[in-house]
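What follows is the residue order along each chain.
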Amino acid sequence: MSGGTSEYSIAADGSFTAPLELSYPYKRTVGPILSRFLTGLRDQRIEGTKGSDGRVHVPPAEFDPITGDHLTEWVDVASTGTIVTWSWQPAPVEGNTLQHPFAWALISLDGADTNLLHAVDAGSADAIKTGMRVTARWAAEPSGSITDIVCFDLTSGSPA
Amino acid sequence: MAERCAVIGVGQTQHTSCRADVSIAGLVREAVDRALESAQLTMADIDAIVIGKAPDMLEGVMMPELWLVDALAAAGKPVFRVHTAGSVGGSTAIVAAQHVMSGVHKRVLTVGFEKQSDGNAMWALSVPMPFGMPVHAGAGGYFSPIIRSYIKRSGAPSHIGCMVAVKDRTNACRNPYAHLHEPDWTLEKAMASPMLWDPVRMVETCPSSDGAMALVLASEDVADAHDGPKAWVHATAMRSEPTAFAGRNQVSPRASEDCANDLWRKAGITSPIDEIDAVEMYVPFAWFEPMWLESLGFAPKDHGWRFVEDGVTEMTGRLPVNCSGGVLSTNPIGASGMLRFGEAAMQVMGIAGDHQVDSVRKAFGHAYGGGSQFFAMWVVGKDKP
Numbered sequence: 001m002s003g004g005t006s007e008y009s010i011a012a013d014g015s016f017t018a019p020l021e022l023s024y025p026y027k028r029t030v031g032p033i034l035s036r037f038l039t040g041l042r043d044q045r046i047e048g049t050k051g052s053d054g055r056v057h058v059p060p061a062e063f064d065p066i067t068g069d070h071l072t073e074w075v076d077v078a079s080t081g082t083i084v085t086w087s088w089q090p091a092p093v094e095g096n097t098l099q100h101p102f103a104w105a106l107i108s109l110d111g112a113d114t115n116l117l118h119a120v121d122a123g124s125a126d127a128i129k130t131g132m133r134v135t136a137r138w139a140a141e142p143s144g145s146i147t148d149i150v151c152f153d154l155t156s157g158s159p160a
Numbered sequence: 001m002a003e004r005c006a007v008i009g010v011g012q013t014q015h016t017s018c019r020a021d022v023s024i025a026g027l028v029r030e031a032v033d034r035a036l037e038s039a040q041l042t043m044a045d046i047d048a049i050v051i052g053k054a055p056d057m058l059e060g061v062m063m064p065e066l067w068l069v070d071a072l073a074a075a076g077k078p079v080f081r082v083h084t085a086g087s088v089g090g091s092t093a094i095v096a097a098q099h100v101m102s103g104v105h106k107r108v109l110t111v112g113f114e115k116q117s118d119g120n121a122m123w124a125l126s127v128p129m130p131f132g133m134p135v136h137a138g139a140g141g142y143f144s145p146i147i148r149s150y151i152k153r154s155g156a157p158s159h160i161g162c163m164v165a166v167k168d169r170t171n172a173c174r175n176p177y178a179h180l181h182e183p184d185w186t187l188e189k190a191m192a193s194p195m196l197w198d199p200v201r202m203v204e205t206c207p208s209s210d211g212a213m214a215l216v217l218a219s220e221d222v223a224d225a226h227d228g229p230k231a232w233v234h235a236t237a238m239r240s241e242p243t244a245f246a247g248r249n250q251v252s253p254r255a256s257e258d259c260a261n262d263l264w265r266k267a268g269i270t271s272p273i274d275e276i277d278a279v280e281m282y283v284p285f286a287w288f289e290p291m292w293l294e295s296l297g298f299a300p301k302d303h304g305w306r307f308v309e310d311g312v313t314e315m316t317g318r319l320p321v322n323c324s325g326g327v328l329s330t331n332p333i334g335a336s337g338m339l340r341f342g343e344a345a346m347q348v349m350g351i352a353g354d355h356q357v358d359s360v361r362k363a364f365g366h367a368y369g370g371g372s373q374f375f376a377m378w379v380v381g382k383d384k385p
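Those sequence lines, one after another, are chains A and B.
Under the numbering used here, think of the first position of the first sequence as 1, with each following residue one higher.
Under the numbering used here, think of the first position of the second sequence as 1, with each following residue one higher.
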């Protein structure tokens, strides 16, 4: 934990100002449902949970969004899907899985009823359109993280 | 006159230093499922949900109520978030009770939680601010001078804090949900416990816990129809005061005394020591037991420590205090106040198991927070108010 500083400034009117930067270590415990999902990604398998209305949630929901019930039925979904909508990222930042311009997209995976947010390596904003088909590109060294999918690649040139 | 309200369901998690087996949602839900089961209700029966936790900075999850909606089965229902620092579990239960007492809702679910292992509460609460004195002392550093002030004023002998600690840690061994199960404490061993924040020893300090506590509160018609134990809410009270002002008495804050007086008046109680059968009091540092006994009107000024020394607050004493083991044995901060309120209800309902006190007709639940500046209290009873 860090915080506080002695680097202050005094304005012309005599008022004092100082920067305050907080940095603080946290942990995350994701529980059994997301742990299973992440384990699947490590093995290049994408799983979702089936809700009370039959719809499949990917990433999996721990509790049913309608009834609140514990969700325990697992469904394998494909690593291919369709672009539902997207936004161009012209200047990737540290931590993005792609370090050249790419699209952020909501992807409807085949077999899933919710959309997954991920990167699409489309080359340029002119090359991507809603409705295009994509397929997951897997990381060479998986770690049990959403970034085990590096990004999605376009698999067809025209909207489905 | 407000509508009558009763606790008909109580549920808590297993508390421990790290519940790595569950997400925050799963932790909250564990308590909720147990509370609903004891109320013989399902999620679909609940009209409204009131959730409380301590500062978001503790886990670094901003506004967790937003993404707990599905875990709370709150789709299509009102959700309210309460926040009053360490007293939040108590004030959350009171807000939930007010949902019923106002006549607006019939079945209200309330839950308090903290997953302390996802962060570090002591330092999250002690951010060094520019231009301020960098003390780096945490909560114990804040309260230790206040405790010294009490010791000096009351003339209490130095072993009183350790007596409270040994009592609460021993009581916790009767509570299967408690975080600490340490049966081997003796006064001699406690007195040898390392000094953490002079004059507060390590054994006189609460642990860091993961846990949640949930209650189901019901209107009179629902509670009457409920075929199970119940605890009627006789009175609730909340008070606040600034952290610092001239003449502030931090040993017995004005807000604490006013809150207690208001509570006793509303509950029709004239002699708390005679009329309350079990107490669940917020004691994160052992010395706060005698301090609160005095501030709340259970003991005369400067006599709280004599109650401790004479065993009055033991499980077998005249005024059993923290039979559950209290905050000193279990401290998921956002749940700790609701644990006090819920454990008080459990004593009235007769469902406290091995830490049940015989023939409890009225019990007192208490929480405080911030720099001894937020107070929440209730009295629950076997009979209708």
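Quick caveat, the hints were computed from the structure, so don't treat them as lab data.
Every residue gets a Cβ at the ideal spot worked out from N, C-alpha and C, and that includes glycine.
Some hints could be false.
Said to hold, decoys possible - Residues from chain A that face chain B, not an exhaustive set, calculated with beta carbons under 7 Å: (1) 26; (2) 98; (3) 101.
As the list claims (entries may be wrong) - If you want a taste of the chain A side facing chain B, the calculated C-beta under 7 Å gives, among others: (4) 15; (5) 18; (6) 20; (7) 36; (8) 38; (9) 40; (10) 62; (11) 88; (12) 90; (13) 91; (14) 93.
Query raised in the report: Which earlier hints turn out false for this structure, listed by number in ascending order?
Result: Violated hints: 2, 3, 4, 7, 8, 9, 11, 12, 13, 14; rest satisfied.
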